[in-house]
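Sequence order for the protein chains is A and B. Numbers 1 to 216, taken from the working numbering, label the letters of the first sequence in order. Numbers 1 to 145, taken from the working numbering, label the letters of the second sequence in order.
Where hints are given, some of them may not hold.
To be verified - Below, a list of computed lysine to aspartate or glutamate pairs in the EDC-like style, where the Cα atoms sit at most 16 Å apart: (1) A:Lys2 <-> B:Asp5; (2) A:Lys58 <-> A:Glu209; (3) A:Lys3 <-> B:Asp66; (4) A:Lys185 <-> B:Glu34.
These are computed hints drawn from the structure, not numbers from a lab. Computed from a prediction, not measured in an experiment: that's the story for all the values here.
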Amino acid sequence: MKKQVIVLISLVCLILLFVLGVNLYKSQRAKKYEFMAQENASTFVRDYSQTLGSDDAKVYLVKFSDPACETCSAFHPFVKKLMAANQGKIKLVIRYAPFHDGADYFVKILEAAKRQGKYWETLDIMYKTQRYWASHHNPQPQRIWQFLPSAGLNLDKIKNDMNDPEITKIIQQDLADAKALNVRKTPGFFVNGKSLPSFGYKQLQDLVESEIKEMY
Amino acid sequence: MTNLDKASNSNWTIVFICWIIASVSTLGSLFFSEVMDFPPCALCWYQRIFMFPLVIILLVGLFPFDKSIIKYALPLAIAGWGFAFYHYLLYSGFIPESIQPCSQGVSCSETYLDLFGFLTIPMLSLISFSTIIVLLFILKRRLSK
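Extracted from the complex, chain B is given alone in its bound form (with noise of 0.2 Å):
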């Protein structure tokens, strides 16, 4: 194998986690919505607006392997994060609770999940989000080497 395979076949791996990583997160907010019965509050669902398409357009970018797919997930992926900051902030109380914008019954607030004492849900997307916004910029940065 020349070394331009193993490069190339390294940045096939990078989009290759990253739709992993894309899909854990979608199957995982199903699974706290319709198999545990968390309502998803607004927030949560700005965030799987950016999260569920990345499953299905790092899949195209990976067949056959397309360099242009940073260019349309990467914009995908840091809106995600933006949401996932803010539910963040607003979670850990950094941002008081009046100036939240979800209504009706579900509150964006409510603790639902929290494993091991830190882990909650939107800490969950925010890794996420940030994990596949990281290997991108680095993916882009090999490719333009």
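Pulled out of the complex, with its shape left as it was, chain A reads as follows (with noise of 0.2 Å):
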């Protein structure tokens, strides 16, 4: 019988430990990224972020994404839907962490339809069609340009655009960014400089209405 013992106490010790290592590690990293948020600010936010929702807004929502990952595209509805029920309190930042293979190319013609002003009408499209042009086992690229007129897009100017330099390195700085941050998957979000506890839409829901809470 001591045998059994010995094993179940020895289990229940490992298990304790793991979940305590669990919540050391996240409290440190909460404390880490708020440090950041406060001293590092623009690892969070640059200048050149394309954003959304009033300059007033205290509540800043910041999405590391990629044009051809499906979760980021699951999430721009819920997310929409949540600054709409919090009209004015939230600002969206949009970062590039275009980790799908040949991703770059999305987010050089997203940044390219910026300078036509076209950015959201673009990205909105993006996402709907996303099936069609980035599909895990064939993926097609090409494909995404029959979809680009309905957002009221010159084509012509978007082809010389987006293969402007500046764009290169607008993806380079997020990339580095999101090094910084230890995003690895996408999408990855900071409300506040504060990270998700673990990922879904309930989570961000509940760190957001709590960010809300604390700043109004």
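Hints in hand, dock the two standalone chains.
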């Protein structure tokens, strides 16, 4: 009987140690981000970053995303609903973490569309049509072009603008910031510098709502 | 307690220690990937394939103590050790990165953790597999006496 007890106690100790480690790690990480948000705000928001929402908003929702990522696409309407429900209190910041192979291409199109003032229209179209050009087993980036005119874009100008080295620099800076913030999966969310305790719709909503409560 | 009892107790303890090492390694690797968000590379996955089942089969071998556990655990540990050793060579630069089998985003030679300046994740894996193998060989010798 004694041996069973030894093994059981060891098992409980190991699991407890693991849970303790998880909590310790998470609280330390949260502290680190909080510090970075205060001291190094530009890691979260760069001057060139595309934002949506009122400048008076006190809750900054930073989203590291990839136009070719399905989960980013799935979160897009959810974030919009969150913003609509809290009118004027949330500012959305889009950062790029194009981890999918060849996703740079779509970021370049998006940044070129920004120059025509059609950023959000283009992003909407991209997410809506994503399954046609970003399928994992058969990515066909060229197919995106047939959908772009519906965003009201001048395609010739896009083709010209998207090769601007400035856009490449933006992507590199965003990737460097993503690395600094330990974003390894997309979408990566930060709400006023705080990361999600665990990934999910509910967790994002809770974090945003608790920040709104704190700031307003 | 007779001498025979003492000996069988020590044998049990050896397997028990192996089980602890495998459990710590398993939980540790899960901590790296699930909590710290380090993406496991292809070689890490091969090592996990051989480490995770050790936790289960060593535990089964403990109740009641079954000496044939060596026969089942040792091949797993040796196969895992092979991958760990290869990974360690890759990590420390003895094998050039150009011939590494990983692709798509996660590099097998990128350093994520460097404890005390020498303890890396592949090193930890190599230590775990080596210790389990040595302990199982000791047990084998004791039992064949």
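Status of each hint after checking the structure:
no., hint, in the structure
1, A:Lys2 <-> B:Asp5, "holds (14 Å)"
2, A:Lys58 <-> A:Glu209, "holds (12 Å)"
3, A:Lys3 <-> B:Asp66, "holds (14 Å)"
4, A:Lys185 <-> B:Glu34, "holds (12 Å)"
In this structure, none of the earlier numbered hints is contradicted; all agree with it.
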